[in-house]
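The chain contents come next:
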Amino acid sequence: MRQPYYIQPSGSTMTCAGTQVVTQKEISTVDSNNVAYWLIDMRIWTEGWELLCEIRRNLSPAIYLKPVVFLIDSDEIPVEIIKASEGNITRSSCDVRILEEWASRVEPINQWIEHLPNVRVGSDSNIAFKVLRIITSRNAELEPITTVRRNSGYVYPLLEPLFGKRDTGVLETLSFLESQHLINGRFISRAHFCGHCGSAFLNFKEACPQCNADDIDSDELVHHFKCAYTAEISDFRKGDHLVCPKCERELKHIGVDYDKPSIVYHCNQCSYTFQDPKIMTSCYNCGRDSEPEHQQVKTIHAYSVTAIGQNAADYGLEALFTNILDAELNLFSEQAFQDFFHVETARIARYKLSTSSLVMIRFHDLDKLYIKLGAKAREVFYELSMIFKTVLRQSDVITARNETIFFVIMTETSAEHATRAVERLQGGVQALFESNLDFKPEMSVKIEGMHAELDIDATLESFLKDDH
Amino acid sequence: MIIEDVIEFVAGLSTGQILAYFWPFFLLDMTRYLFLDFIVIIRYVPKRIFEHGRYMRARRQLYRERPLVSVIVPGKNEGKHIPRLAESLKHQTYKNIELVVVDDGSDDDTATICRELEKQGKIQCFIRNEVRGGKASAANTAFRYSKGKYVVHIDADSHLALDAVETILLPFYKDSNIGAVGGDVRVANTGKSLATQLQAIEYFKSISTGRTISSELGILRIIAGAHGAFRRDVLERLYGWDVGPGLDGDITLKIRKLGFRVVHEPMAICYTNVPETFRRLAKQRFRWDRSMVRFRVRKHRDILLPSAGFNFANFIASAENIFFNLVLDAKWWIYFVQIVVFNPSVLEYIFIINYLLYFMANVLEFVVACVLLHASLRLKDYALALFLPLVPLYTGMYLRTVRTYAYIMEFMHGASYLDKWNPWKVSRVVKKEKL
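Top line first, the protein sequences correspond to chains D and B.
The first sequence maps to residues 26 to 493 in our numbering.
The second sequence maps to residues 15 to 449 in our numbering.
Excised from the complex, chain B in its bound form (with noise of 0.2 Å):
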């Protein structure tokens, strides 16, 4: 019966009323996610499958030089995941890795674990700190132990896939202005709960899709904490990490503004666990949304003005993501009230119809992802087309709740400096040095 309704409502539109109504939709997200998308399948694809002839040599370079690679990995109390971590670096298809592990403070077993993971060979240089100092202190510490040419961060929670530590490095054969690399992060622990399954649909939209998609335009504006390849001297030049939250992205800025380039490489796969519940989602995310308006708005504030030093494509990076993420943020607020005020009595048709467009735009989206990655896919991956009816739920309600909450609170009260994420002792300083 309402569908009905729905589809004669539909009909009655003319297409004044279709923009008016959908917006949203027509004018903005279906030009900067799906459009954007189908570069994915017209230019990446077919480009990848063409430059195989470099990614060889690309290789062939790689093991001749076969530089040491540092895999980097700072933590508090992550010991129970290292076994596995350092087992998976143990079948890297590449050989010549340390594996730098940082203890922060940990309240557990995790120095005993990786103490016996040392003595058994596993672990290259494992150093402990006493106290707590935070995430970019402890990966400062593992660099400052790294020897490799190349340093590979990853999180302690993650595991690579067998080729993974081949892939990230090729890149930087392939280009020598390539700074540092992003690799994929897909979730390790899908089938855990609802939350982890769309959180593999989100990863793979977002990630795999998304980064691609920013690397080839050229404004790839992070790379992630928890799969992420740099160069040694690179990082030199920056003296490493500053203080986080949201490290990753600030360093991906600083390189871009040295001049490199920054790319990501999805075939490069690292598998990470997520959170399992909404709750502990909801706490990480208000984190990561919070870092957008600290370091983009306020740190690197200077990447969107005229300046001697200004690059175009940082200026796109930053200001694409400042726009669509912080101002559209707004639109939905808008949106919501011009429907609620205006329209109130087709209200459940907008709300049907909305939700229809964009659980085609996410299948589209899921589709194209698959095309990317199908090498890498497996059974379950595909599986989780089932959840696609309930990615805009996700995606468009509870994500976009915690993310509008996260900007308040980060505008109003700079939230990020209390964060227990880092010890109270740096925030206090970063707070009063307004970092």
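Okay, chain D solo, but in the shape it has when bound (with noise of 0.2 Å):
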């Protein structure tokens, strides 16, 4: 039975009754299977977080991947920095029976820790890869919640403490898994951030069309129905009543004997009339005023994990396939594709002498095979990797949209030998599944001959249009 263990703030000889106490410098020391969760005292929360950051950012999976669970006096702790741990108990209820509670509703967590291979003597250097296994261990959606403490108004509380102030590397890094297809995003909202420094605290104003200052008042108008005098409100204004200027007359009732056709702006810099007034925002971190349109939207996410970042959390990153064919192939980046392509198209047209092909290769159902495959998705990732090898000429240029979407330019080949080709990569690829498993992955492919017109993103688009 795994028991809560106690981490004793610095400089205190503090404990709690029900758990094993540690200091912060024995924490790697302990035997993490006896872990049930780490108890961190929020007394002063401030240090409370500091050591819930130091646990997050240790390399070892058995250490940052415990749960967390804080002792907590009052509910003056941000939501934020609340909700970066499993839960809380407060101390006036805390005893033997809560920690024990606590205990085994984060045994999944501890249970999914325990199947990791070599989780007590590996060391877990790539961010990314944290932050996949952080969201595989807890098996739930990763939300973000507003906050007006960070620059970027959204915060993952559960991924913060392993980036520290570096909030940006957040959804950047999220950005990055779920390009890999290792983690789905959900649609949660859209938000305005400044273009210049990334912040989400924006002014939006009405400003003057003409001269850019918010120095602006609105008026409405009012027509008299019997005379009709149109004006602003302000000039029909007698005390507490509405008399109209030119005849006298008291407005009564609205639609009746007078109404408000519109609004009116005047700009008091410039004395501009207007009623479009053009919106602008103000960035309350850097001060810069811009238009919206020049501010970056982004779409905020809550992410899940696919089935291919379970296996990749499960066994590594490096059991990825494109991994693995990025260390037998060297793909290229999707920029030196770009690049290559660009130049290659080129001297086609410029020479006419000679015929590349464009192939595009598409693997269905992927996430299936790695959950299938589980531990043994290295192995046969390889072998596909070598049939790739095998098929492929050193003076192809390989590259990867993400795990499941390849492109391939074979220099110098028409889109008869292209298709040759790829019946022998497809045929290697069915080989391989058939004989050592009872699955058989679809592929789908499409080869285009190479010349100045052709468009790669318009070309994938097609593709992946007909595809589906």
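Derived by calculation from the structure, the hints in this document are not laboratory data.
Treat the numbers as computed from the prediction; the structure is a model and nothing was measured.
A few of these clues could be false.
Said to hold, decoys possible - Pairs of lysine to aspartate or glutamate, DMTMM-like flavour, derived with a Cα cap of 20 Å:
hint: 1; chain 1: B; residue 1: Lys133; chain 2: D; residue 2: Glu231
hint: 2; chain 1: D; residue 1: Lys285; chain 2: B; residue 2: Asp247
hint: 3; chain 1: D; residue 1: Lys414; chain 2: D; residue 2: Asp351
hint: 4; chain 1: D; residue 1: Lys285; chain 2: B; residue 2: Glu144
hint: 5; chain 1: D; residue 1: Lys271; chain 2: B; residue 2: Asp247
hint: 6; chain 1: D; residue 1: Lys414; chain 2: D; residue 2: Glu404
hint: 7; chain 1: B; residue 1: Lys133; chain 2: D; residue 2: Glu318
hint: 8; chain 1: D; residue 1: Lys303; chain 2: D; residue 2: Asp239
hint: 9; chain 1: B; residue 1: Lys439; chain 2: D; residue 2: Asp282
hint: 10; chain 1: D; residue 1: Lys251; chain 2: B; residue 2: Glu250
hint: 11; chain 1: D; residue 1: Lys465; chain 2: D; residue 2: Glu404
Dock the two chains into a complex; use the hints.
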């Protein structure tokens, strides 16, 4: 039976009944298999937060993945700090029963940690991988919350201690994991960020379209039906009443003897009159003013792990197909591939002597394959990459859009020859899976002869559309 | 054969019989229109030449002062016309102009067009009233946000000759007692249909020549909404326009009542689009003619009555209009009955001779208009002469029928209060208030 471990705040000798007590320095010496969760004292919450960061930034999965529960006295602790742990226990209600209840509540996390290979001796230095493991171990959707304490306006509390104050790094890391199909995003909101400093704290204000000043006033127009006099409501005000300056009649009922056809703005700086004020944003962080269209608009997602992500969390990112292919075939980056593509199409157009082909390959249901293969994924993908290596030549250029879509430029190869090569590739892949596993992955392929007008993005789009 | 009969019929008539058979022409129309036309030839045209120096001095004074002139354009669903209008303002000889456009609750893309022109700096102020308030309220909105010393009101479907703004301002610098100047209105879409050709001739007669004469006699009673210039201080004293239809004639009379002169400037030219079918033209005239009853006979009845503020010129301006248009409208029906009842045997001769008389009168009036406006006429304007034979039918029968119907409907039913030209909420109030 695992037990809660109370981490003594530095310089104190406090203990907590029903827990094992360790100092901060002793954390790495504890047998993690006995730890149900780390209990952090939040009497001084800033110190408790630093301790949590210390744990999460540890490289050992046996330590940083362990659940953390806060022992709290008050509800003054910011919500994004509170939510960075698995939960909290108020000091007044803390007893053995509650501590045990929490131990059983976080047990699934501990079991997941235990099933990891080399958990005690491993060291996770890749931040993206740590994030992936944290999300996978909690087996729940990672939801952002809004906050005024971070420039980004949104935080993922569970991930915050991993990154410290480099909060933009959180979004970038999640975006990378999503691009690799390791996690899936669910739309939460769309938010504006300062195009210069990335701050979410923008003041949207109405401004004069002529001089950009925000020193503007607005007034309603009033139309008196009887005499057609139309002017701003301030012209009609006489004490508490509205009286028409033209015919001196009192305006009584809107819609019966008068109405308000529109609103007019005045600029107090340049005296311009207008109805369509310009919308400007002003960043609270860097103070820059700009139009909303010049600010960044980002989509905020909640994330959950995909099947590929679960496999990668178990066995490491190096078990991913792209990583294996990269090691064996030396995958080009997307940018380098694009550059080569342009050079090659220009060369073909210039000399008109040779033909090259662009091949697009897409694996379907690769996530199912990950689930099926489990720890064997690395070996199978190694075999798969060998098939690629056999079929492709050294002069071919290959890149991966993500874990399932690959582009190959087959230089000095006609579409006909490229088709033959791809058939060999398909045959090899089929043979590999049929002979070793009861699984038949589906592959889609498209081959295009390369020419000056070929647009790589449009081609990909049409390929995905046709494939869909 | 019939021509010989007509000649024989005329040859056999005594002077008394001529007057008895053709009294409307010889006693009324020839005097009212043809003789007065010659005032233009013998008085106005030479005066214009002799006053060249005064015009030049007025022009120098205008450019020395260089006041801001606000061109205000109220309208509904007129967006498609605004770019051309804005362009014609950009090329005006007089440059210190602001364009103020008010969109009176359009349900087309007027707002989009105007906002774009505003961004390009071709419109200086654009106000969109989400709820339609009618022409007067839109004009007053435009006036409220205009800043110019002079305010030029034009219709959206019009565009100005290059020197129109400069020319319409000159009378203000010739006579400080002038409160408003009417600009000349010509037909822009002349070649579109027979209806527009006939209206082009009619505009030459009734606006270019007719209003020049009225102005010369000091009895000008209307400054067209399509093209009129006003002193800002005068409009401020009046708090802008009152509810229409006929708001242009109404404000002209109000300016006259304040003691200011109103004049017509035939060389300040605005080209406007007129109805292209006789059906649409009838609707337009039905609205215009009813306003004569509503404003001159009802609202401004005080001009006709002896009172402390009685002014003879104002009396003539209104009385002449009521007499020749309203009272004498009945003469045609009396004349018609007279001929049909008492002289049915010579009906066709009388018709043919009347037609010829009015045709000749129209030819002479057209010649007068050509003499007056020759500097600004284009070849296609002279070509309108080909349509002169049809004008007696157009004015004598078509327009007269519409006018008579309009008068009857207004007198009997107050039809102008039901006009969709004003929103119902406005019509309801002005009818209740008997305005």
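Quick rundown of the hints versus the structure:
no., hint, result
1, B:Lys133 <-> D:Glu231, "holds (17 Å)"
2, D:Lys285 <-> B:Asp247, "violated (26 Å)"
3, D:Lys414 <-> D:Asp351, "holds (11 Å)"
4, D:Lys285 <-> B:Glu144, "holds (9 Å)"
5, D:Lys271 <-> B:Asp247, "holds (15 Å)"
6, D:Lys414 <-> D:Glu404, "holds (15 Å)"
7, B:Lys133 <-> D:Glu318, "holds (17 Å)"
8, D:Lys303 <-> D:Asp239, "holds (9 Å)"
9, B:Lys439 <-> D:Asp282, "holds (8 Å)"
10, D:Lys251 <-> B:Glu250, "holds (18 Å)"
11, D:Lys465 <-> D:Glu404, "holds (17 Å)"
Of the numbered hints stated above, the single one contradicted by the structure is hint 2.
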